[in-house]
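Engineer: Residue numbers (this note's numbering), protein chains in the order written: chain A, 217 to 366; chain B, 27 to 509.
Honestly, the hints are just simulated from the structure, not real lab data. Incorrect hints may appear among the rest.
Stated by the list, open to error - With a cut-off of at most 16 Å between alpha-carbon atoms, the simulated EDC-like pairs for lysine to aspartate or glutamate come out as follows:
1) A:K285 <-> A:E275
2) B:K92 <-> B:D266
3) B:K283 <-> B:E247
4) A:K226 <-> B:E421
5) A:K226 <-> B:E247
6) B:K321 <-> B:E181
7) B:K92 <-> A:D303
8) B:K284 <-> B:E313
9) A:K338 <-> B:E421
10) B:K264 <-> B:E286
11) A:K338 <-> A:D303
12) B:K92 <-> A:E347
13) A:K285 <-> A:D349
14) A:K338 <-> B:E250
15) B:K299 <-> B:D489
16) B:K283 <-> B:D255
17) B:K153 <-> B:D266
18) A:K226 <-> B:D388
19) B:K465 <-> B:D429
20) A:K226 <-> B:D374
21) B:K299 <-> B:E205
22) B:K299 <-> B:E226
23) B:K284 <-> B:E262
24) B:K299 <-> B:D255
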Amino acid sequence: MNITSILTKKGTAVFTARPEQTLRDALSLLAQHNIGALVVVDEAGRPVGILSERDIVREAARNEELFGKTVGAIMTRELTLGGPQDDLNSVANVMTARRIRHLPVVDGDRLIGIISIGDVMKAQRDEFQGEVDTLQIQLLKDPADPIRPR
Amino acid sequence: MADATAPLGSPGRPLRVAIVGAGPTGFYAADHLFGQPDLAVEIDMFDRLPTPFGLVRGGVAPDHQKIKTVTAIFDRIAAHPGFRFFGHVELGSDLGVEDLRAHYHQVFYATGAQTDRRMGIPGEDLKGSHPATEFVAWYNGHLDYRDREFDLSVERVAIVGVGNVAIDVARILCRTPEELATTDIADHALAALRRSRIREVYLLGRRGPAQAAFTNPEIAELGELAGADIVVHPDEAKLDDLTHAALEQTPDRATAKKIEILQSYAERQPSGKPRILIVRFLVSPVELRGDDAGKVVAIRLVRNELYATPAGTLQPRATDQYEDLPVGLVFRSVGYHGTPLPGVPFNDSWGVILNENGRVLDPETHQPRLGEYTGGWIKRGPSGVMGTNKPDALETVECMMEDLEAGRTLAPEAEDAEAAEQTIRQRQPLYFSYEDWRKLNELEVARGQAVGRPRVKFTRIDDMLAALGRVQPDSELAGASAG
Ligand SMILES: Cc1cc2nc3c(=O)[nH]c(=O)nc-3n(C[C@H](O)[C@H](O)[C@H](O)COP(=O)(O)OP(=O)(O)OC[C@H]3O[C@@H](n4cnc5c(N)ncnc54)[C@H](O)[C@@H]3O)c2cc1C
Ligand SMILES: NC(=O)c1ccc[n+]([C@@H]2O[C@H](COP(=O)([O-])OP(=O)(O)OC[C@H]3O[C@@H](n4cnc5c(N)ncnc54)[C@H](OP(=O)(O)O)[C@@H]3O)[C@@H](O)[C@H]2O)c1
């Protein structure tokens with residue numbers, strides 16, 4: 217299973233912000249769309265950072281005037297990017313090891329989506345559940361299996 | 027007749043749902059719907075084929091009968107009084123989305139992935155180069171593919187890809203006629219495979235053994251074939267440094283087991299069985315070569331090395347080493363691909379219906395389309411075993427229940443089952459009911475019993491109609507749509 221199998225059921229909209237936008241704008245986007253992070257992109261639409269709830273909380277704890285700050289000033293700049301063909305197992309390992317909650321996904325230079333660690337965990341859980349169910353089906357009844365008799 | 031004043035989903039006014047596609051996803055969705063507490067629901071399930079069960083009948087390998095017992099579960103679901111099956115009714119030709127909107131409160135598309143992905147290399151369309159999807163459909167007796175021809179008189183075959191479908195294809199090519207004759211493989215395929223002169227079968231993986239998509243029971247089974255020795259090159263079974271490091275950092279039992287199996291194959295000596303099955307790693311096809319008649323004679327491979335992407339996946343990268351493998355037949359098994367349904371928003375590059383957790387989205391507004399849902403391979407793409415479609419269908423059914431609760435359903439002009447059936451009968455007078463299927467099933471099983479096989483499939487619609495005693499009416503209407 218790869219990242220595509222998550223993106224396929226997330227629609228195609230990716231919510232983005234520009235570095236020069238204010239935090240107030242960013243917050244209303246997060247609230248309006250009920251999401252946890254925005255991908256910050258440059259004029260060409262290339263990801264340059266990510267702004268997550270965490271970044272905002274961290275800033276709010278030390279700065280009363282955070283609303284007027286720009287997205288670029290408080291976003292996380294070290295970005296790990298995923299590709300549609302990345303295997304979910306390695307993605308899960310990397311996200312856990314680097315404590316990344318949101319992974320923007322690019323196809324070449326183009327931003328095509330964002331997945332969260334929750335998405336990855338759910339996909340893995342569903343896959344596991346599906347495999348268990350499939351095994352159960354096979355144990356359920358034991359019809360005459362011509363080649364592999366039990 | 028429904029009572030228009032009763033709340034939707036109550037016994038006086040059942041929720042009417044159309045499920046398009048009678049594969050595992052369609053049945054799991056029906057099961058989740060029937061299992062909702064305090065919901066009265068009527069389900070009409072459609073399939074373009076006269077027979078139900080999607081890839082369970084037309085995909086799962088004939089020598090893997092055990093997984094097919096899942097149909098016993100589907101039979102129980104179909105026995106629910108609110109369930110009707112309309113086989114041989116295709117969305118797009120026989121019925122349109124507007125017909126479904128006119129008769130149902132909610133519509134669930136579960137049409138699977140109907141075609142194949144391409145490799146995108148020169149020579150892909152030469153004679154003797156085929157998608158694995160077609161070979162699989164042919165040996166399983168899918169009506170649309172029963173007249174395909176594959177040249178099994180050649181000695182060497184390459185299968186591109188190392189997923190479980192590639193393994194199925196390799197196994198069927200390597201089975202002895204005696205083994206095949208105890209399965210429910212289609213008669214035409216059994217006859218053709220009896221005459222097969224294939225001696226060498228290559229499975230071509232573009233990454234290393236640790237990254238191979240096949241699962242452990244499937245690769246283990248290849249080591250036990252009666253008629254073929256398995257061969258793995260020791261240098262290709264060895265782990266590269268990157269894989270080694272990744273496994274050190276995050277050990278993974280399934281992968282360790284997979285490597286162990288492959289390395290044990292690398293140590294084996296062929297025992298002189300009639301066929302050999304060679305599993306290759308770290309090679310990608312770059313071109314198919316043809317002769318003057320346009321028929322495949324070789325596949326050109328490039329050797330790959332692995333590199334780590336930023337998100338930690340080991341991916342293949344071509345080196346400058348090439349080799350030519352002489353083969354007379356090539357099956358590409360690089361994945362299935364969904365096809366759009368007329369009038370339903372689609373994402374072409376992924377081959378899925380545009381959706382969010384199963385709610386079909388409007389391509390302009392990205393907002394959910396009222397009353398339209400999707401599940402299974404046409405929702406998330408062509409991956410996952412049978413059972414994976416169960417949580418997937420549940421996710422969608424939860425959206426359907428949420429929307430019903432909020433009053434967001436279609437408002438069909440005709441709310442009763444009778445009216446729907448009239449429309450269907452008008453469009454496809456030859457439709458097959460579940461009762462028809464039960465009879466066909468009994469007949470197939472009986473034909474099988476007579477010759478020591480699980481079943482002998484009907485592979486033509488005319489034979490099915492004749493077996494049911496439903497002679498084809500002479501009207502032009504029926505004649506035109508009997509294909
Ligand atoms: C070759 C192969 C072998 C497999 N073997 C196994 C296995 O051994 N074990 C396992 O657990 N999993 C196996 N799988 C995976 C499993 O088959 C799939 O996960 C599952 O079938 C997907 O279910 P689905 O209902 O989404 O699609 P499908 O099973 O493809 O069902 C879709 C249905 O929709 C119908 N349809 C399509 N278009 C229309 C239309 N326009 N109108 C009406 N009906 C339409 C089709 O005729 C079909 O019946 C295999 C898959 C393949 C391809
Ligand atoms: N017995 C069973 O349980 C069973 C049987 C059949 C199918 N299934 C399930 O059905 C699903 C579909 O199976 P599948 O085999 O079609 O898909 P799959 O598991 O996705 O495998 C596709 C294979 O093709 C390779 N590939 C893709 N593009 C390629 C290219 N351009 N060149 C070379 N190789 C390429 C992939 O390699 P990469 O990994 O490098 O991308 C992979 O090896 C799977 O989930 C499978 O488990 C299960």
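Engineer: Next step is simple, just say for each hint if it's right about the structure.
Structural biologist: Here is what the structure says about each hint:
no.: 1; hint: A:K285 <-> A:E275; in the structure: holds (10 Å)
no.: 2; hint: B:K92 <-> B:D266; in the structure: violated (37 Å)
no.: 3; hint: B:K283 <-> B:E247; in the structure: holds (14 Å)
no.: 4; hint: A:K226 <-> B:E421; in the structure: holds (13 Å)
no.: 5; hint: A:K226 <-> B:E247; in the structure: violated (37 Å)
no.: 6; hint: B:K321 <-> B:E181; in the structure: holds (14 Å)
no.: 7; hint: B:K92 <-> A:D303; in the structure: violated (29 Å)
no.: 8; hint: B:K284 <-> B:E313; in the structure: violated (29 Å)
no.: 9; hint: A:K338 <-> B:E421; in the structure: holds (11 Å)
no.: 10; hint: B:K264 <-> B:E286; in the structure: holds (10 Å)
no.: 11; hint: A:K338 <-> A:D303; in the structure: holds (14 Å)
no.: 12; hint: B:K92 <-> A:E347; in the structure: holds (15 Å)
no.: 13; hint: A:K285 <-> A:D349; in the structure: violated (51 Å)
no.: 14; hint: A:K338 <-> B:E250; in the structure: violated (36 Å)
no.: 15; hint: B:K299 <-> B:D489; in the structure: violated (39 Å)
no.: 16; hint: B:K283 <-> B:D255; in the structure: violated (20 Å)
no.: 17; hint: B:K153 <-> B:D266; in the structure: violated (37 Å)
no.: 18; hint: A:K226 <-> B:D388; in the structure: holds (13 Å)
no.: 19; hint: B:K465 <-> B:D429; in the structure: violated (38 Å)
no.: 20; hint: A:K226 <-> B:D374; in the structure: holds (15 Å)
no.: 21; hint: B:K299 <-> B:E205; in the structure: holds (15 Å)
no.: 22; hint: B:K299 <-> B:E226; in the structure: holds (11 Å)
no.: 23; hint: B:K284 <-> B:E262; in the structure: holds (14 Å)
no.: 24; hint: B:K299 <-> B:D255; in the structure: holds (6 Å)
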